[in-house]
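Keeping the supplied structure of chain A fixed, place chain B upon it in accordance with the hints.
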Amino acid sequence: MLEHLRVLDLTDERGLLCGRLLADLGADVVQVEPAGGSTARQAPPVAEGAAPSSMYWEAFAAGKRGAAFDLDDPQEVARLRLLADAADIVVTSWPRPRLEALGLDPATLRADRPGLVYTVVSAFGWDGPKAPYADTDLVVWAAGGPLAPHRDGDLPPLRISVPQAFLHAAADAAAGTMIAVLARGATGRGQVVDVSAQEAVGVATLARVLATAVGDDHPEWQTTPGKRTGGRTDQSGSGAATPNSLKKWHCRDGMVELHLSMGPAAGTFTNNLFAWLRDEGAVEEPVASWDWRVVPDRLVSGELGHDDLDVARAAVRAFLLTRTKAEVLDAAIRRRLLCMAIFDMADIAASPHLEERGFWGHVDVGSTDVKLPGRMAQVRGPEGPRVRGRAPLVGEHTDVVLREWLR
Amino acid sequence: MTTDALAGLKVLDLSWVVAGPLIGRTLADFGATVVRVESSVRVETARLMQPFHGGVQDKEGSALFGNCNAGKLGLTLDLKSEEGQQVVRDLVAWADVVVESFSPGQLRKWGLDYETLRAGKPDLVMLSTSIAGQHGPWSTLAGFGNVGSSLSGFQHLVGYEDRLPMGTFGPYTDYVGPRLALVTLLAALENRRRTGEGAYIDVSQVEAGIYFLSPQVAQFGYDGTIAERQGNRDQQYAPHGVFGCRQVDGKDRFVAVVARDTAEWRALARAMSRPDLADRADLATVEGRRAAQDEIESAVAAWTSGLAATEVERVLQSAGVPAHLAVTSDDYPADSQLGHRGHLVELPHPRHGTTWVEGPRYALSETPGRPRGAAPTLGQHNEMVLTEILGYDAERVAVLTEGGILR
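Residue numbers (our numbering), protein chains in the order written: chain A, 23 to 429; chain B, 656 to 1062.
I should point out that these hints are in silico values taken from the structure, not numbers from a laboratory. C-beta atoms are modelled at their ideal positions from N, C-alpha and C, and glycine is treated no differently. Hints should not be assumed to be uniformly reliable.
[To be verified] Each computed EDC-like pair below joins lysine to aspartate or glutamate, with the alpha-carbon atoms no more than 16 Å apart:
| hint | chain 1 | residue 1 | chain 2 | residue 2 |
| --- | --- | --- | --- | --- |
| 1 | A | Lys393 | B | Asp878 |
| 2 | B | Lys776 | B | Asp751 |
| 3 | B | Lys665 | B | Glu737 |
| 4 | B | Lys906 | A | Glu377 |
| 5 | B | Lys665 | B | Glu1043 |
| 6 | B | Lys665 | B | Asp745 |
| 7 | B | Lys906 | B | Asp985 |
| 8 | A | Lys270 | B | Asp713 |
| 9 | A | Lys269 | A | Asp174 |
| 10 | A | Lys270 | A | Glu405 |
| 11 | B | Lys906 | A | Asp239 |
| 12 | A | Lys393 | A | Glu377 |
[Said to hold, decoys possible] If you want the ones that stay clear, here's a sample from chain A, every Cβ over 10 Å from chain B, calculated:
| hint | residue |
| --- | --- |
| 13 | Pro96 |
| 14 | Asp134 |
| 15 | Arg300 |
| 16 | Asp319 |
| 17 | Leu343 |
Looking at chain A on its own, in the form it has when it is part of the complex (with noise of 0.2 Å):
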């Protein structure tokens, strides 16, 4: 669907996802590599091999070609500045002041070239009191929100494992990018796309941020279902407000994620996993008959007390431990449960559905074949985003480059 587009891409690990999104749905993305390779190529998780293969980049760099130029030398940025002249999108998460020592920066670039978008990726935005900080992933993370309300009991706030935050951003940069181009068809002018990851992550709170703005001192509610907590009951099944230790199970083989969500919008699927507890005779009355979607109006007026939820919920663990994940997964879908499998990769991998819908491409990573998430979306009609080849070696692509692009 981009066929027509030329993204220069002078991203590092911080903005590397958003140039593989582009080129998936069909751009030319040229990675762009200072000489000795980018920091990029050693971003976790690094894969000891023959070579040490960072699996980051193999997958955040797939599907474009590569260039390298020394930095240092003035007539290799030179031809860097020709084959930003040529492209129709630069994009970039290099830090501010080296761009503008390389004259790289947006300023310098649209010039002249008032057609060219041009869209910067960082962790706080372009300037700012923030801008010049010194940021990592898990910064970016703390400083937009989600990391604060992410507590296992009275531990620390908990990180969201892997690196994610420049990820929220470099796919935010390829929809602000994507906007500007459309903006251009219309008005044939480009223009700068200031993508702040900070902002970017504040959506993953599930509009936590926004609780104070709006007068809510109590957001994050960390209680019993069903309990009254400043006046109101959750009733949501979302899981954000429930513990823990009450949503995990142990099954025979694993463990699944389930919570027993009650209230009008959720109490049906409760409603379901009792109908298959009663079924297999695991459950007993009058437990085995409640109506979840009233439950919590019954927890209210005192009509049921916690008690009658603990009984509930060691039936249902009792059960779970007879079951596997497969089992859980196979009822959860055909009795409508809000109750699933918990995966690592090796289930991911192994899935028959994603099989079938063709989610994996394949690359190359030194000899090996190894199966990559390939489809970020599924398209009838033209022909839609899939990963197009393997990430570049360095400098693989810079000869060819040049001669299409200058020509």
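Relative to chain A, chain B alone:
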């Protein structure tokens, strides 16, 4: 003079909760006209979710709903009725884009699926977002985004090594899916602009989540490593953690601290007045620091515990060390960088006087986006949509009203 990037784009939004509505929210920010259809009888889940204005649970008070739907026009409709479905058909005839998040197969039952709708409108761009996609064995899976977190590998991966998997904060794939969906949708619009061709886009939240774990998937494919949870630690940097600071007004405060290299580690140790650690030879490499991680983390925690988190941030950032307060909703409105970018936007609201939403995550220099108004109250724009957009006469609107269709 600036125009809106997406001026003239017409969008019918049939989605609900978070993953679907966030797509139309961005389109509205950049100038599209977005008509959102919902039911006032079967009230959509996001309206029942915290945070709430003034902390009071009310279906017109959810800041989450407000954040996902700002700037849209609201129409309430009984989609189960023949007459309601006809209104939808008329809106499709008006629209360029349809976004929906019903259970896969539901729209076909109503004769509102893509194949049917495109018959009279070959350039229609339609996007469906669901937990696991429109086809495949898991496509009938019920549930919210936290089901997506389990099947995409995040539940397994987030948490402390020696504790239960903690999972993500809220339905994580709800934050990922709409970003990848939006990029694909905008590419389809660019393709349509150039070729007149429509498209159907099938987004799976599970697949979007796995896409954001591409490096971990690749590593499994490369050498069989199954990524495991590691608390707040990191495979690249040490120390890398979240540390308790002095309480403020009885509330826990935390700061994220990372050293990306040995120079930053030494700067951190000196800032902590621990020259002994700064000079220790065994801590001069990341491998050495990783081996001593427990000791280093205790030392950092001992230092931060007596300080305000903002003070730790200030001291370390002035020494060039990545650090940031773990921002809570109390801090968010006062953050200097977010303030500089105008990220929080105050909007007039018919019930609450004013409300607050997040602004766009990317600043476009020529065609900046902004929320055009608060999210609609139930049925707020019924009259306007039916008469001004669809051109219905007063009699037809009256028949729909009296027939109970506009609920």
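Here's how the hints hold up against the structure:
1. For the given pair, Lys393 (chain A) sits about 11 Å from Asp878 (chain B) by alpha-carbon distance, which is consistent with the 16 Å threshold.
2. Our distance criterion of 16 Å between C-alpha atoms is met by Lys776 (chain B) and Asp751 (chain B), whose separation comes to about 9 Å.
3. For a cut-off of 16 Å, the pair hint linking Lys665 (chain B) to Glu737 (chain B) is broken: about 24 Å separates their Cα positions.
4. Restraint check for Lys906 (chain B) and Glu377 (chain A): the C-alpha separation of about 48 Å exceeds 16 Å, so the hint is violated.
5. Distance check on the hinted pair: Lys665 (chain B) and Glu1043 (chain B) sit about 14 Å apart at the alpha-carbon level, within 16 Å; holds.
6. Of the supplied pair hints, the one linking Lys665 (chain B) and Asp745 (chain B) holds, its CA atoms being roughly 13 Å apart against a limit of 16 Å.
7. Straight-line distance between C-alpha atoms of Lys906 (chain B) and Asp985 (chain B) comes to about 11 Å, which keeps the hinted pair within the 16 Å bound.
8. Among the hinted pairs, Lys270 (chain A) with Asp713 (chain B) is inconsistent with the structure: their alpha-carbon atoms are about 30 Å apart, more than 16 Å.
9. Taking the CA atoms of Lys269 (chain A) and Asp174 (chain A), the gap is near 12 Å; set against the 16 Å cutoff, the hint holds.
10. The suggested pairing of Lys270 (chain A) with Glu405 (chain A) is violated, with an alpha-carbon distance near 41 Å, which exceeds 16 Å.
11. Taken as a hint, the Lys906 (chain B) and Asp239 (chain A) pair is honoured in the structure, with Cα atoms around 12 Å apart against an allowance of 16 Å.
12. With a C-alpha separation of about 11 Å, the suggested pairing of Lys393 (chain A) with Glu377 (chain A) holds against the 16 Å cut-off.
13. For Pro96 (chain A), the condition that its CB be more than 10 Å from all CB atoms of chain B holds, with the nearest at approximately 28 Å.
14. Against chain B, the non-interface label of Asp134 (chain A) holds: every CB pair exceeds 10 Å, the least being about 16 Å.
15. Chain B leaves Arg300 (chain A) outside its interface by the beta-carbon criterion, the shortest separation being 19 Å against a cut-off of 10 Å.
16. Against chain B, the non-interface label of Asp319 (chain A) holds: every CB pair exceeds 10 Å, the least being about 13 Å.
17. With a least CB separation of 15 Å from chain B, Leu343 (chain A) remains clear of the 10 Å interface cut-off, as annotated.
The structure is inconsistent with the numbered hints 3, 4, 8, 10, although it conforms to all the rest.
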